[in-house]
Amino acid sequence: DAGVIQSPRHEVTEMGQEVTLRCKPISGHNSLFWYRQTMMRGLELLIYFNNNVPIDDSGMPEDRFSAKMPNASFSTLKIQPSEPRDSAVYFCASSPRSEQYFGPGTRLTVT
Amino acid sequence: AQSVTQPDIHITVSEGASLELRCNYSYGATPYLFWYVQSPGQGLQLLLKYFSGDTLVQGIKGFEAEFKRSQSSFNLRKPSVHWSDAAEYFCAVGTYNNAGNMLTFGGGTRLMVKP
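These protein sequence lines map, in sequence, to chains A and B. In terms of this note's numbering, the first sequence is residues 1 to 111. In terms of this note's numbering, the second sequence is residues 1 to 115.
Treat the hints with care, as some may be off.
Calculated lysine to any residue pairs in the SDA-like style (CA-CA distance at most 25 Å, straight line) [unchecked claim]: (1) K24(A) with F74(A); (2) K61(B) with A2(A); (3) K61(B) with E99(A).
Hint data in this document are derived by calculation from the structure and do not stem from the laboratory. Note that the coordinates shown come from a computational prediction; the quantities given were computed from them, not determined experimentally.
Chain A on its own, in the form it takes in the complex (with noise of 0.2 Å):
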């Protein structure tokens, strides 16, 4: 079994642009979270999908961010526009009940 794959695994990007991350999660697997590691912050849950439909997105900051699901194997997370405060690790997990498996992430950095 692969894991869970993300990408790109870096992403430097100017502030304005848009950004999309992709993620593919363990084949089976029905729950798929996105979540965002900072030094100040910690881990923060953005959202999370079950059977590909988001269950919770509370912990999206802002109307910038979307997350899509369009099926079992794929999902992004889009930011438009970015800015620099958006710099961050974000890390793709999916889980087949209990336990969640995380991704490698992707170091995205905005200028």
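With chain A fixed as given, assemble chain B onto it according to the hints.
Frame of chain A, contents of chain B only:
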């Protein structure tokens, strides 16, 4: 709402010494409890989990944790630390319902290992 506290932000131990990382949780029902480890530049890796039954659970890499309901604790232990154990450790409490599982993480404990 559930919460997790890891009182120690940093811990330094000598290689070969024993280790205990503290975790306290707040949750109204029987919790699902987890420990994760994050090496620099990596994602979080599941070390062990507790759902029910035996309160002493064994995990990967020689780690174990003990659930103590009376103390609302789930401390992580290892009898002899290796230099490769230097990483950040996260305790988490999980809630599970028909909509899936959510984890609430503690702030993490960074472990440094002296040679």
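Comparing the hints with the structure gives:
1. K24(A) with F74(A): holds (5 Å)
2. K61(B) with A2(A): holds (21 Å)
3. K61(B) with E99(A): holds (18 Å)
Going down the numbered hints, you'll see the structure goes against none, and every one checks out.
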